[in-house]
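Participant: The primary structure of each chain is shown beneath.
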Amino acid sequence: MARHWRAGAAGMAILGLTLTACGGAKVGDDSAGGSGESGKCGTFNLAVNPWVGYEANAAVLAYVAENDLHCKVNQKDLKEEIAWQGFGTGEVDAVVENWGHDDLKKKYITDQKTAVEAGTTGNEGLIGWYVPPWLAKAHPDILDYKNLNKYAANFKTSESGGKGQLLDGDPSYVTNDEALVKNLKLDFKVVYAGSETALIQAFRKAEKDKEWVIGYFYEPQWFMSEVPLKKVKLPAYTSGCDANAEKVACDYPVYKLDKIVSAKFAKSGSPAYDLVKNFNWTNDDQNTVAKYIAVDKMKPEAAAKKWVEANRSKVDAWIK
Amino acid sequence: MTVAIEKPEQTESVGKQAAPAKPERKVNRSMVVAAIFVVWLVLFVVLRGKQTLALAAADLTDLHRWLNDVNDSIGANRNSNPLFLYFFNEIRLVIDNVVTFVQELISQPTGDRPVPQIGWLGVVGIAGYVSWAVGNWRVALLAVAGFTFLGLQGLWQESMDTLALTASAVLVALLFAIPLGVWAGLSDRFNAIVTPFLDLMQTMPTMVYLVPLTLFFQIGPASATIATLIYAAPPTIRITAHAIRSVPETTVEAADSLGATRRQSLLKVLLPMSKRTVVMGVNQTIMAALAMVTIAALIDAPGLGKTVVQALQSLDVGTAFNAGLAIVVMAIVLDRVTTAASAREEASRGSGSWFLAWRRPLLGAGGVVTVVLIYMSHTYVWAAEFPGEGGIGSNIASAADTATNWAQDNLSGLTNGFRDAITNGLLNPFQTLLTDSPWWLVGAALVALGVVLGGRTAGITTAVCVGLLVGTGVWSDSMTTLASTVVATVLVMVLGIGFGVWMGRSALVDRLLRPTLDAAQVMPPFVYLVPFLALFGATRFTAIVAAVVYAAPVAMKIVADGVRNVPATTVEAATSAGCNTWQIITKVQLPMARSALTLATNQGLIYVLSMVVVGGLVGAGALGYDVVAGFSQGQLYGKGLAAGLAIVLLGVMFDRITQAAARRAGA
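Just so you know, the protein sequences line up as chains V and X, in that order. Numbers in my numbering are just positions in the first sequence, counted from 1, shifted up by 48. Numbers in my numbering are just positions in the second sequence, counted from 1, shifted up by 39.
Note that these hints are calculated values from the structure, not bench results. Note that this is a predicted model, so its numbers are computed, not measured. A virtual CB, placed ideally from N, CA and C, is assigned to each residue, including glycine. There may be inaccurate statements among the hints.
As the list claims (entries may be wrong) - One-sided excerpt, in silico: chain V residues whose CB lies under 8 Å from chain X: (1) 100; (2) 126; (3) 127; (4) 137; (5) 199; (6) 202; (7) 205; (8) 272; (9) 356; (10) 360.
What the hints assert, rightly or not - Okay, derived cross-link-like pairs now, PhoX-like style, lysine-lysine, Cα gap no bigger than 25 Å in a straight line: (11) V:211 x V:278; (12) V:315 x V:120; (13) X:89 x V:211; (14) X:89 x V:237; (15) X:89 x V:230; (16) V:120 x V:198; (17) V:233 x X:89; (18) V:185 x V:154; (19) V:153 x V:325; (20) V:211 x V:120; (21) V:312 x V:368; (22) V:154 x V:124.
Said to hold, decoys possible - Pulled from the structure, derived: some chain V residues nowhere near chain X, Cβ distances all over 12 Å: (23) 88; (24) 116; (25) 164; (26) 167; (27) 170; (28) 181; (29) 194; (30) 197; (31) 200; (32) 230; (33) 284; (34) 297; (35) 322; (36) 339; (37) 361.
Can you make the complete structure from the sequences, with help from the hints?
Facilitator: Here's what the structure looks like:
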């Protein structure tokens, strides 16, 4: 009995093999089209932090590095803190949109000396309090913090304990909002939404249903092209006015977004380093690519290709 | 997930002693509980707002700063520390190699090959063959259909990356977990030592240890695998220990009296007899590993998690749902196959007959076919790369988008009323009571409740937990989280009993609902939270809903199981005595399933606690937000860690009280 089966199995195997002999194109037949040798650039480890604006920077840089410099680009999806850690171990070469993060700069640039700055990206980051456009239109005076108390009652929610709700957001960035509310004597309570998703959904719904929402937000941000939020004026920022976290009573500074690279990468002589160092574009440029990705739902590579092809002269300035 | 297990034993012995005094004691106990609340309320009115230990979001305690310093110094000394050079780096290398090997086999191109060694046809073949070999032909069919569906969704490579990572993590986890579980099953002392660690592994939010983990094991597959197995290994350890313990004592004695050595009785008696339950543990480990997919994506773990995370950055719910669905499909296939495998263990022993005689040759033939499929998928392009553009995936995505938009546009008016009723009627008063009472009053009340409900030991545990909670410096946030947790657990139990009884009484309902329940457990929360955020806003209520969606399925499954296990003869007797359906449920089935109800409460609570961090992302604030903020900002790291510990402490406290209460109620 057993022998019977063994014979049958062998027969089936032979049958199978003969069948497959005429089964179509073989793997490796067209190997010519595979990834070309990477030349002198070598490998470029690019951290990708989890927000769309960053993704736009990374996509364009990766596209140029691959197609013009023939680097092998490894894009790594990492949260900021973890990306910075990677400078020391050689797993990350560059972070290409950094929002302030003085604590990380102190730790990795000043103390551990594993990272160095590589100039600004040309983008300016604004952080502040925003309201949906309908509200700014219906009550223009709301755009000044002095008038916020007048409207506080309208911002009440189930979470705000009888005061107006100031929706705070993404914990990735420093917020002084609790101190601001206290020091500007506003009749508001800070409620922590906890994520960008939660903030965007709140503003999206507020605009659609004409609801009262005021919250922490920032630009450049792809969502601004869907709902152009209006920024509320706070007492102007002066250098050092935010030195004491508890006494802050002024607006957030304008962040010159910058690039950080690992110390090793900066010394490596890789053309990818020069590319990162020279990379510079405007908020409009980034918003365009971010819109391709977030609103038009293009793949990041496709979005980068489209932008690079339309802005060849800018790209050429980075790689010459 | 804690203790799906420790319910039956001990119940009896404790129960017997308590039984005679029961009627009297019961009245007393509920009166004492009521009295505790009355005293608490009175003192609350007097002392409101004093000694509440509130701490603002940006404020730190000395403990938090110290934890920051520890973290920094580890990072700074990483490259010179021998522990790193010779210990962690070696572990990292081994695990990296395992994962890379599996990836090159099924998901990633290797060397000159533009495709992995085994293409889709081979993987589908293996999935079908293995499922058939360890389970039955029905699950084999399911496996083939499920895996093919992943390809049709246009997510073949991502799915295989996820499978590779999950498989490696589960493999490594089992390597440690089964021996540890056996040890814990044999030794009471080891069991007592290991249990707190298992609690810690399961309730400590992953975000707390994700950053240090990448410090220890660097960015890459090793960190992702280790993060996954920390969370996924405990169920196997617990369930294996439980399985070993529940082998009837008489059997072991019989083996002993026949002169079996310790080793023999372990290998020939204990292990074979507990095989079925151990497979259930493996099943739980696989499910837990799949639940980590999106978290691991934050440290560059390849696979479906990345697709979800990336899509959600631009709130692309459709794409995220499609990828989430792939995770669900994979989970259901793996769950059904392992369940069938454990059922086979039992069935195969009974049936000898003709089937066994034919099984060998059939398996051999199937093996040959599989090898042919693998060969073809290795050689031919059409069998290596999944054909088509994944059109079904984009259909699913756009359908999900449409459904989400419809719900957002049409339901929001209805839902706000419900939210406000729960928030103002239940949550706010309870939260005020907890956060505005002096800490020592809340602590005393908790300890008193622990003693009354769970006995002296539970009281001592509670006291220790309360003390440590104060020590973490996030007492006030803990109380806010506690309030939401309790409300969520109440809702979980309402749903759990409602649906659980329905499922327990009708096999058809059970079969229809179960896939939905599985989906709710493994679907990445943010996929369904985006529409919920539109419906309920960024509020504590949204966080409660998220927790209920995740925790209610477990409660339903446990209650259904309990109701089904009520002897049919008892129910028949009640029916013939003239009871109507309502009476049968309330007077017979629920009371007799009491231990299942307590277990469901216990598990429901632990599952709710494991969603605290997700809650922090959608407006719950408190501990969840502390953890998230600590994950994102260096200077808040210590506070996040303290908040994570606070979540663990809350979990341990409730686990011990409910378990002790369950043992008493078992009478």
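Participant: Run every hint past the structure and note whether it holds.
Facilitator: A quick look at each hint next to the structure:
1. 100: holds, 5 Å
2. 126: Holds - the Cβ of residue 126 of chain V comes within 8 Å of chain X, reaching about 6 Å at its closest.
3. 127: With a minimum Cβ separation of about 5 Å from chain X (threshold 8 Å), the hint on residue 127 of chain V holds.
4. 137: OK, holds: residue 137 of chain V within 8 Å of chain X, min 5 Å.
5. 199: violated, 18 Å
6. 202: Given a least distance of 15 Å, the restraint on residue 202 of chain V is violated.
7. 205: At about 7 Å, which falls below the 8 Å cut-off, the nearest Cβ of chain X leaves the hint on residue 205 of chain V intact, so it holds.
8. 272: violated, 13 Å
9. 356: violated, 20 Å
10. 360: violated, 27 Å
11. V:211 x V:278: holds, 22 Å
12. V:315 x V:120: holds, 18 Å
13. X:89 x V:211: holds, 22 Å
14. X:89 x V:237: With Cα atoms ~20 Å apart, residue 89 of chain X and residue 237 of chain V stay inside 25 Å; holds.
15. X:89 x V:230: OK: residue 89 of chain X and residue 230 of chain V at ~21 Å, within 25 Å.
16. V:120 x V:198: Cα-Cα ~57 Å, so violated.
17. V:233 x X:89: Holds - the C-alpha atoms of residue 89 of chain X and residue 233 of chain V are around 24 Å apart, at most 25 Å.
18. V:185 x V:154: violated, 43 Å
19. V:153 x V:325: Cα-Cα ~17 Å, so holds.
20. V:211 x V:120: Roughly 54 Å between the alpha carbons, so the hint for residue 211 of chain V and residue 120 of chain V is violated.
21. V:312 x V:368: holds, 22 Å
22. V:154 x V:124: Measuring from Cα to Cα gives roughly 23 Å; hence the hint holds.
23. 88: holds, 22 Å
24. 116: Given that every Cβ of chain X is farther than 12 Å from that of residue 116 of chain V, nearest at about 23 Å, it holds.
25. 164: The assertion about residue 164 of chain V holds, with a minimum of 17 Å to chain X.
26. 167: Given a closest Cβ separation of 23 Å, the condition holds.
27. 170: holds, 22 Å
28. 181: Holds, since 18 Å exceeds 12 Å.
29. 194: With a cut-off of 12 Å, residue 194 of chain V remains clear of chain X, as the shortest Cβ separation is near 25 Å.
30. 197: holds, 21 Å
31. 200: Consistent with the label, residue 200 of chain V stays out of reach of chain X, its closest Cβ about 18 Å off (over 12 Å).
32. 230: violated, 9 Å
33. 284: holds, 22 Å
34. 297: holds, 15 Å
35. 322: It holds; residue 322 of chain V is separated from chain X by about 25 Å at its closest Cβ, greater than 12 Å.
36. 339: Residue 339 of chain V not clear of chain X: closest Cβ-Cβ about 10 Å, inside 12 Å.
37. 361: holds, 29 Å
Hint compliance for this structure: hints 5, 6, 8, 9, 10, 16, 18, 20, 32, 36 are broken, all remaining hints hold.
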